[in-house]
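Number of protein chains: 4
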Amino acid sequence: MKKNRVEAFSDGVIAIIITIMVLELKVPHGEDFETLTPLIPVFLSYVLSFVYLGIYWNNHHHMLHTVQKVTGPMLWANLHLLFWLSLIPFATGWMGENHFASVPSALYGAVLLMAGIAYVILQELIIASQGPDSILKKAVRGDWKGKVSPPLYAAAILLAFWWNWLSLGLYVVVALIWLIPDRRIENALRSADA
Amino acid sequence: MKKNRVEAFSDGVIAIIITIMVLELKVPHGEDFETLTPLIPVFLSYVLSFVYLGIYWNNHHHMLHTVQKVTGPMLWANLHLLFWLSLIPFATGWMGENHFASVPSALYGAVLLMAGIAYVILQELIIASQGPDSILKKAVRGDWKGKVSPPLYAAAILLAFWWNWLSLGLYVVVALIWLIPDRRIENALRSADA
Amino acid sequence: MKKNRVEAFSDGVIAIIITIMVLELKVPHGEDFETLTPLIPVFLSYVLSFVYLGIYWNNHHHMLHTVQKVTGPMLWANLHLLFWLSLIPFATGWMGENHFASVPSALYGAVLLMAGIAYVILQELIIASQGPDSILKKAVRGDWKGKVSPPLYAAAILLAFWWNWLSLGLYVVVALIWLIPDRRIENALRSADA
Amino acid sequence: MKKNRVEAFSDGVIAIIITIMVLELKVPHGEDFETLTPLIPVFLSYVLSFVYLGIYWNNHHHMLHTVQKVTGPMLWANLHLLFWLSLIPFATGWMGENHFASVPSALYGAVLLMAGIAYVILQELIIASQGPDSILKKAVRGDWKGKVSPPLYAAAILLAFWWNWLSLGLYVVVALIWLIPDRRIENALRSADA
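Residue numbers (our numbering), protein chains in the order written: chain Z, -2 to 191; chain U, -2 to 191; chain D, -2 to 191; chain L, -2 to 191.
Do not rely on the hints blindly, as some may be mistaken.
[Unchecked claim] Not the full set, but computed from the structure, chain L residues with beta-carbon under 7 angstroms of chain Z:
#1 D8
#2 A12
#3 I13
#4 N55
These are computed hints drawn from the structure, not numbers from a lab.
We put the beta carbon where it would ideally sit given N, CA and C, even for glycine.
Between the sequences and the hints, there should be enough to build the whole structure, so can you do that?
Written out as structure tokens, the structure reads:
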């Protein structure tokens, strides 16, 4: 019951974030193809962030599936994650409008890094609450995706100041890494049921 | 359980898209009837897109009703559909503000076409997951609406460059075709229950 | 099940409408009390529309409670109601910004009138689907509120062109009439249970 | 059932409020670190309000958990609370844009004070409906947080006109006081189950 409301609230916030992000794609004045040209980087950064938010929604969904009792600290760790996700539209809009310039690209990476850290904090709280036989602990054992993402974000933040396109490339790479749905949690759940 | 969250998330995103679209109807400066005149095409395009989003919500609702187990690829096919739907407010606003000019009208059709393709991909994934006795497969057998819409969108995109009003007329026609609620899925479900 | 999704979608749309309406209350430039003064009519019209949307949510909630099976026409009658409700933020913002001038006040009434008509259409469809022993029919028997509101809206629309403040007063009166929660449906439900 | 819809609607409204608040963090023109500097106070006020809304969501969640039957007056007391919460984005944006100047800081406190009063009204209505053995009454017995907040808000409103930073400090203090999750209701529920 309690969990349902946390899921519903998180779904609501992520659904709103993913949708208001499109408001940064401002309707241009003028009716030609050319008026769309300056919007291309804004559109591309929208696609990238849409995929990231989709990944977060997807993984959040799987992770909460393993939770039995939502505790107070989990509620706040969840809000902390939603906080960083809520900054993605701002970071996306700034990066897109400035055609992936250095500082906006670094800020984008910083927001992704903080969201990633917030996700790990929530994950560790859930594992701690589940005791030694934690389903989630088994599921994320050997979690190379989770281990590899923060250093890649950090590298992308630094690279943004020299080769900003390489930085953008890294964001795309991390998204692709995660795009493969996380079957580990599903598998751990299945073997827990058996 | 899992399906519920996918439905709730999709409902949330579609509800937000349908509602933020009204933000393109900007409050005019001035208090006379005349200040409303330039808003008439924006209003008409709002009505058209509201109907389209209503149709998508309606059919999405029926289609997911037949799903028993949501798979990873379905989640992403669903997000892909939501992505194209999320561009409808932008395309609507641009078309309305430019009084149904050629390029904006063609872009509007392109977004509808991509959303239609995304819908078919999701439908095919669900059918494939249901095996040879798929309820959904029976339901969409002889799906002339689904077969006729993409060529009509494509025709409307091309026509937009010569007779943009005819193009708009085609969008209205496709909406009217779909407005009739899709009883086929309901019937297939009923005969599956019997 | 089906009903749940209609309720969830309607709740979502009404929640978004009620909340984005506050975006018309634009953050002023300047930090004095005086910079708030021009916002007072916008704020008052926000309060009025918030109450109206609260009334609609409340009554919609009660009415759907009596529904057993949602039909296709009901879905569209519901979307039709949501369409008119979605125009309330626009009408509210325009009326507030123009300090309750004649044309914006008349438009506000027109949107309320159309929403009221859409509500009645949905109500009649539900009653028709419930057959001769319709719970909802008993509940709205002697529905003086529903009967009195449309002529009051119509009067307010006309009055707006001569005495716009009287028109505004009528909107307040109709809101107050409805503010009293609709116990009739609750009572009818209770006697149906007994 | 009825309670579910009230929870869902409240979750929806709070989720939207918390998310559209980020729209006040407008994407700056320019791509340097310096262009972010004027946004720092807007960002800080966003963090503060995010925490406040998180607290309200959290406590609202716990409080409604004790409700068995939602009455008409509760619905309206809940909408009244949501009304004041819906003004937080406006008050936050105005305070942030004016770097915590006196009048905007006082208005921010006034909105928090009214939301706090609305919360207490809802709480008292629920307690009254639960009769002499009210679980919620036991839970909030010795509620020093609820007793201490309104005078602190009132003090902050007055202080805003002389030492606006002290006023801001008080808002942070009240948030910290509440940040500790309200275990009293959880405890009362647990002893009621036993």
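Cross-check of the supplied hints:
1. At its closest, the beta carbon of L:D8 sits 5 angstroms from a beta carbon of chain Z; the interface hint therefore holds under the 7 angstroms criterion.
2. Because the smallest distance between the Cβ of L:A12 and any Cβ of chain Z comes to about 4 angstroms, under 7 angstroms, the interface hint for this residue holds.
3. Because the smallest distance between the Cβ of L:I13 and any Cβ of chain Z comes to about 6 angstroms, under 7 angstroms, the interface hint for this residue holds.
4. Here the hint on L:N55 is kept, as its CB sits about 6 angstroms from the closest CB of chain Z, short of 7 angstroms.
Violated hints: none; the structure is consistent with every hint.
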